[in-house]
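Engineer: Residue-level listing of the chains:
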Amino acid sequence: MLNAATIILGLSVLITLATLGLPAFIKSKADKVILIDILTFQVLGLCILLGFYNNDPQPLQFGLLVSMLGFLSTIVLSRFIEPPKS
Amino acid sequence: MIVDLLALLGSLSFLIASIGLIRMPDPIARIHAATKASSLGVILFTTAAAIKFPTAGNLFVTATILVLVLLTAPMACQAIASRLIPPSERDHGKNPPL
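Each protein sequence line maps, in turn, to chains A and B.
Residues 1419 to 1504 (the numbering used here) make up the first sequence, in order.
Residues 0 to 97 (the numbering used here) make up the second sequence, in order.
In case anyone wonders, no lab produced these hints; they're calculated from the structure.
Keep in mind that a hint or two might mislead.
Label pairs and their computed distance ranges (CB to CB) [claimed, not checked]:
no.	chain 1	residue 1	chain 2	residue 2	range
1	B	P73	A	L1432	37 to 43 angstroms
2	B	V66	A	N1421	15 to 21 angstroms
3	A	P1502	B	A62	28 to 34 angstroms
Cut-off 16 angstroms, straight-line C-alpha distance, at most; resulting in silico cross-link-like pairs (EDC-like, lysine to aspartate or glutamate) [claimed, not checked]:
no.	chain 1	residue 1	chain 2	residue 2
4	A	K1447	B	D3
5	B	K51	A	D1474
6	A	K1445	B	D25
7	A	K1447	A	E1500
8	A	K1445	A	E1500
If you want the footprint, here are the derived chain A segments under chain B, 3+ residues with CB under 8 angstroms [stated by the list, open to error]:
no.	region
9	1421-1429
10	1432-1443
11	1447-1458
12	1467-1474
13	1489-1495
For glycine and all other residues, C-beta sits at the position ideal for the given N, C-alpha and C.
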């Protein structure tokens, strides 16, 4: 069941990366910021799954760092979205 | 067993978030899909980690991850969404963008 969880989470990371890479899905800068935001949460999930596989609690602290960096990067990147006029 | 089940449910909610990013029509709906499903996935994953590694230090780390994500995900959502609304429609100019 842990293998199925890893496959599903890897598939969702691949979907997010493909959406970030293909210009057909990206219509504005806000979409890129949202994609990077959700990608950090998925990397946090991958860190916790790495800890489950090795039976080692060390990667939980990587997850803590990833969650902090994800918040800061989202706040910084959201400054680059131009607000609409009118 | 329960750890694997929680990890599987968390992965499924992340997959739902990824599908919602493709399906939703405009950026505000995409924020709705991304933030809520990801928060649910992080709740499930940290609960699984707290059950799997039940020592005091690991419980502290998992609780810190959970509180941090639950505090900061709505703030990040607000920071993106306040940039998408024109200033004239934003509560008569009383709430400036974050």
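Engineer: Decide, hint by hint, whether the structure agrees.
Structural biologist: Status of the hints after comparison with the structure:
1. B:P73 - A:L1432: 37 to 43 angstroms: 27 angstroms Cβ-Cβ, so the 37 to 43 angstroms window is violated.
2. B:V66 - A:N1421: 15 to 21 angstroms: violated (30 angstroms)
3. A:P1502 - B:A62: 28 to 34 angstroms: violated (40 angstroms)
4. A:K1447 - B:D3: violated (37 angstroms)
5. B:K51 - A:D1474: Holds, at roughly 10 angstroms.
6. A:K1445 - B:D25: At roughly 9 angstroms apart (the allowed maximum being 16 angstroms), D25 of chain B and K1445 of chain A satisfy the hint.
7. A:K1447 - A:E1500: holds (8 angstroms)
8. A:K1445 - A:E1500: holds (13 angstroms)
9. 1421-1429: Our answer is that it holds, as 6 residues pass the Cβ test (under 8 angstroms) against chain B, meeting three.
10. 1432-1443: Three-residue rule met by the region 1432-1443 of chain A, so holds; n is 4.
11. 1447-1458: Contact hint for the region 1447-1458 of chain A vs chain B: holds, 7 residues under 8 angstroms.
12. 1467-1474: holds (count 3)
13. 1489-1495: holds (count 3)
Comparing the model with each earlier hint shows violations of hints 1, 2, 3, 4; every other hint is respected.
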